[in-house]
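**Q** Below are the chains, spelled out letter by letter.
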Amino acid sequence: MRALVWVLAAAAVAALAIVPFTLSPVMVQFGISMLLFAVLAQGWNIIGGFTGYASFGNSVFFGLGTYGTAVAMVQFHLSFALGLVIGAAVAVAFAVLIGLPVLRLRGHYFAITTLALSEAVAAIISNLDIAGRNQGLILPLIRGDTMFYELSLGLMVLATLTVLWLARSRFGFGLIAIREREDAAEVMGIPTTRYKVMAFALAALFSALAGGIQAYYLTFIDPASAFDLSLNVRMIIMAVFGGAGTVLGPVIGAFLLSGVSEVLASYITGVASLFFGLVIIAAVLFTPKGVIDAARRLPRRGLAYFLDAVRETRL
Amino acid sequence: MRAIKFVVLGLVLALFASTASAQTITFGASLQLTGSLANTGRYYKDAFQMAVDTINKAGGVKVGDTTYQLALKILDNQSDNNLAVRQYTQLLTQDKVDFLLGPYASGTVMVTSAVAEKYQVPMIEGGGASGQIFSRGYKYIFGTLPAAGSYFRSTIDMMGKLDPAVKTIGLLYADDSFDTSVAEGTRALVDHAGMQVTVDERYSTDASDFSTVISQLKSKNPDAVLVAGHETEVLNFIRQAKSLNFSPKLYSFTVGVPTADFRQALGSDANYAFGMTPWLPLASLKDAYFGDAAQFAAAYQQRFGYAPDYHAASGVADVEAFVKALEAAGTTEPKAVRDAIANVSFQSLYGHVAFGANGQIDLPQTVIQVQDGKLATVFNGTDFETQPMYPMPAWSAR
Amino acid sequence: MLVLQVLTNGILLGGLYAVVALGLALVWGVLDIINLAHGAFIMLGGYLTYYLFTGLGLDPFASLPLVMLAMFVLGYLIQWGLLNFLVRAPMFNMLLVTFGIDVVLTYLAQIMFSADLRTIRPAYAGSNFTVGGVTVPWTNLLAFVVALLLTGLLALFLQRQRWGRAIRATAQNLGAARLHGVPPRFAYALTFGIGAALAGGAGTLYGMVAQLTPYVGVPLTAKSFAIAIIGGLDNPLGVIVGGLVLGLAEAFGSLWLGPTYRDAVSLGLLVLVLIVRPTGILGRAS
Chain A
717 MRALVWVLAA
727 AAVAALAIVP
737 FTLSPVMVQF
747 GISMLLFAVL
757 AQGWNIIGGF
767 TGYASFGNSV
777 FFGLGTYGTA
787 VAMVQFHLSF
797 ALGLVIGAAV
807 AVAFAVLIGL
817 PVLRLRGHYF
827 AITTLALSEA
837 VAAIISNLDI
847 AGRNQGLILP
857 LIRGDTMFYE
867 LSLGLMVLAT
877 LTVLWLARSR
887 FGFGLIAIRE
897 REDAAEVMGI
907 PTTRYKVMAF
917 ALAALFSALA
927 GGIQAYYLTF
937 IDPASAFDLS
947 LNVRMIIMAV
957 FGGAGTVLGP
967 VIGAFLLSGV
977 SEVLASYITG
987 VASLFFGLVI
997 IAAVLFTPKG
1007 VIDAARRLPR
1017 RGLAYFLDAV
1027 RETRL
Chain B
399 MRAIKFVVLG
409 LVLALFASTA
419 SAQTITFGAS
429 LQLTGSLANT
439 GRYYKDAFQM
449 AVDTINKAGG
459 VKVGDTTYQL
469 ALKILDNQSD
479 NNLAVRQYTQ
489 LLTQDKVDFL
499 LGPYASGTVM
509 VTSAVAEKYQ
519 VPMIEGGGAS
529 GQIFSRGYKY
539 IFGTLPAAGS
549 YFRSTIDMMG
559 KLDPAVKTIG
569 LLYADDSFDT
579 SVAEGTRALV
589 DHAGMQVTVD
599 ERYSTDASDF
609 STVISQLKSK
619 NPDAVLVAGH
629 ETEVLNFIRQ
639 AKSLNFSPKL
649 YSFTVGVPTA
659 DFRQALGSDA
669 NYAFGMTPWL
679 PLASLKDAYF
689 GDAAQFAAAY
699 QQRFGYAPDY
709 HAASGVADVE
719 AFVKALEAAG
729 TTEPKAVRDA
739 IANVSFQSLY
749 GHVAFGANGQ
759 IDLPQTVIQV
769 QDGKLATVFN
779 GTDFETQPMY
789 PMPAWSAR
Chain C
10 MLVLQVLTNG
20 ILLGGLYAVV
30 ALGLALVWGV
40 LDIINLAHGA
50 FIMLGGYLTY
60 YLFTGLGLDP
70 FASLPLVMLA
80 MFVLGYLIQW
90 GLLNFLVRAP
100 MFNMLLVTFG
110 IDVVLTYLAQ
120 IMFSADLRTI
130 RPAYAGSNFT
140 VGGVTVPWTN
150 LLAFVVALLL
160 TGLLALFLQR
170 QRWGRAIRAT
180 AQNLGAARLH
190 GVPPRFAYAL
200 TFGIGAALAG
210 GAGTLYGMVA
220 QLTPYVGVPL
230 TAKSFAIAII
240 GGLDNPLGVI
250 VGGLVLGLAE
260 AFGSLWLGPT
270 YRDAVSLGLL
280 VLVLIVRPTG
290 ILGRAS
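Chain order of the listed sequences is A, B and C.
Take the first sequence: its position 263, counting from 1, is numbered 979 in the numbering used here, and each next residue is one higher.
Take the second sequence: its position 362, counting from 1, is numbered 760 in the numbering used here, and each next residue is one higher.
Take the third sequence: its position 201, counting from 1, is numbered 210 in the numbering used here, and each next residue is one higher.
Treat the hints with caution; some may be incorrect.
Claimed, not checked - Not close to chain B: a few residues of chain C, all C-beta gaps over 12 Å, as computed:
1. L67
2. A79
3. P99
4. M100
5. L162
6. G173
7. N182
8. V191
9. R194
10. P223
11. P228
12. A260
13. A273
14. V285
Unchecked claim - Some chain B residues judged to face chain A by a derived CB distance under 8 Å, without partners named:
15. N479
16. N480
17. Q488
18. R534
19. D573
20. S602
21. S606
To be verified - Covered by chain C, according to a simulated footprint, are these stretches of chain A (three or more residues, beta-carbon under 8 Å):
22. 735 to 747
23. 763 to 775
24. 801 to 812
25. 864 to 873
26. 987 to 993
27. 997 to 1005
Simulated from the structure, these hints should not be mistaken for lab results.
Beta carbons are placed, not taken as given, at the ideal position from N, Cα and C, and that holds for glycine.
Turn these sequences into a full structure, and let the hints guide you.
**A** What follows is the structure in structure tokens.
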């Protein structure tokens, strides 16, 4: 059974890898955005799903990755590869530095602090000459959607394998222990501070790489799009809808919700956002444990599954 | 994992678009119909629709020996630049539109013009004026809004002729690409006119509180205040200027003043505000399809229930420029049409349409002022058409 | 002189900020729910005031109680019919659902009210008086007074009223609320309703000094967070402190560093408070 899952997963990756050669350019572009969202959701999964620290500001890492890559390429004329590395390094360094004080906070305070951090960094960048202030930066144009697609796919696979490793390693168990009861984990001898900072840095790494790809792909960035707050909501809803704290959940959530949102945007153009809002509410209300859990139990419980979900969390 | 395949498969089927019929030329655009830019983005939808319908009624477009009808495919990008890029790609590759009409706002034009360049299909846009768009050496982007740097040129020319003379200037601008370009151009123009910028402040786009800036302006008291920003910021500025009792001899705004929305939102407080427009609904602006700009404005008002401003006229000019280029090219092949666009030169309701080497139009801005609740055409670049209400009286004396 | 004027501007802005944040702080402090739709409630309150003013000619200050009542009903229903079902879910579920509500309300507003800019302009809008060279706008001053009044009334309600005490007990623990003879579901809905009413009132005041569009909500929610956190959630008076601190920081940040630094200043301040003293300036030390 287990083996079958992995064979299927490998087949799915292979199928996804040939998309640029078989499907239309729109599907490739949609694929890039979907895969980058899956990376962001997976990044959030590490800090929010496994460690239980519900960051609402991972957009700060995405934004730093975007800007690190763009500034390196535009202002210092470095290569894209080097730009990606620099963007990721900036974001990881930021995560470590800021993680030490911020990861002492819990619950809502942690969520709001990360949100405020993202906005604060955006406000600072919009005053920095080297980052093009609020006018943004223009990157060179290349006609290479296939490259961006395969890079995004590779990054998504890498992020998922990392989470798979997390789910089986001592480090990962430590994170779960922190999520369940942090003081108990401390007593058990888990180096909670170090583990939390490492999880934060891992989340930053993947988010920043996604940002770097996005920057070169879009050819133009500005603070509003790089530090877009709604990005946070999207990555969290994808992770939660798919199943927070699971290995494949965030990826499945990202694929499903990207699909829904894209179909809405092309077909009921105009009221698409409204419907997406309703989808979010319904998804959280009825499948708070994610679609993986729902798929497993729905056949047995039937529609009562949804009622159970609501009953469990109601006042 | 099955789920993924279902989604992919479902999307492929769902996104399957109908192909356009052979005798039709379709223009595609992804516009801000909802979201934060919807207030202006929707003007382009109405303008494009009006232009296409009118041209079709006049018999369509003759390209070579074939006569084509025009069609329009418009998507809503929800004021989201990422989505706009995807939608323009979708328009080209999935919906198979023939040519692209541009969205509103410099930032959105910036990212979506890359799609036109990538697929080598021309895009004509009437919504982005920032110099950044046309400095990239792109070949497939053309714009019908005049260059941002010269927005205040005619205003500064006018100020040189006023009595009492304008000597000092306060410059206030938003920090986005377009308004920064305006500010750069304005500084040079002010310098050249022998005036002096005494207050020069950049503010964050979407700022809602101008009380500090207004207090600063009040304490330095420049003769004229020039503001480059967005409509809601301009409204905030004027309302807060009133409540802080600040009235320079003259103030002028890059946006808002020509729109009906502006005068409605401010009522009598809109009076004395100067602005500029590259376009006015004048009977002297002849047009092959609409007769003239005045007739166009009347028909537009009749159909959509509000008066068109330069955004709408610019949008119509975009469609007409395509039509002229198609007729000249004698083919619908994108590269040939692109070259034809670069060479168009015709009279339209929007004015004389011709593109510079960088792809941008060059049109003079006419100075306008709200006088007793109505728009007055004050200065056309060389002469006064209406006497300006100048200097502006104190708020208490109105 | 300039400094005095900027000081006055900052204080008046702070008053407006306080009333903008009041409802969010109440719901967060008492129910431990962060309502991301708070700004959308303010927006709705503003539109309601606008239509009462342009349609019925009702003065904005006179329509304040009506708007608050209508928003109370809406808030009560949202908590009772939707959010009560999520109270025991992980915290980010509540964040996501209130975000969903925000999106739905914003786009409904776009459909119903269009994206036109709306202003509420009674005859006295923009009038002012001058004291010792400092100009004080009447509307902003009145808004400031109303902010103090609403905050004071809320504090009194929570301290003295039976239901007020029950609400505070609910915040401590669910069982305690029953001892006060108030079922928790009702206490939750009541509190959320009051929060929405306060947001509606803030909308009335906001609409008199700024423009309304369907999209004004999100920045207002963000400001409210900052104010609530800077002031602390233990006491309604905290929002007055938070509002004043933020108003003054923005006014002087804008004066000394330049207007583009105002967000950097206010958000930097927020992050600093969160890291150094997460319970706020007035809050108990953690």
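**Q** Going through the numbered hints above, which ones does this structure break? Give me the numbers in ascending order.
**A** Violated hints: 10, 11, 12, 13, 21, 22, 24 and 25; rest satisfied.
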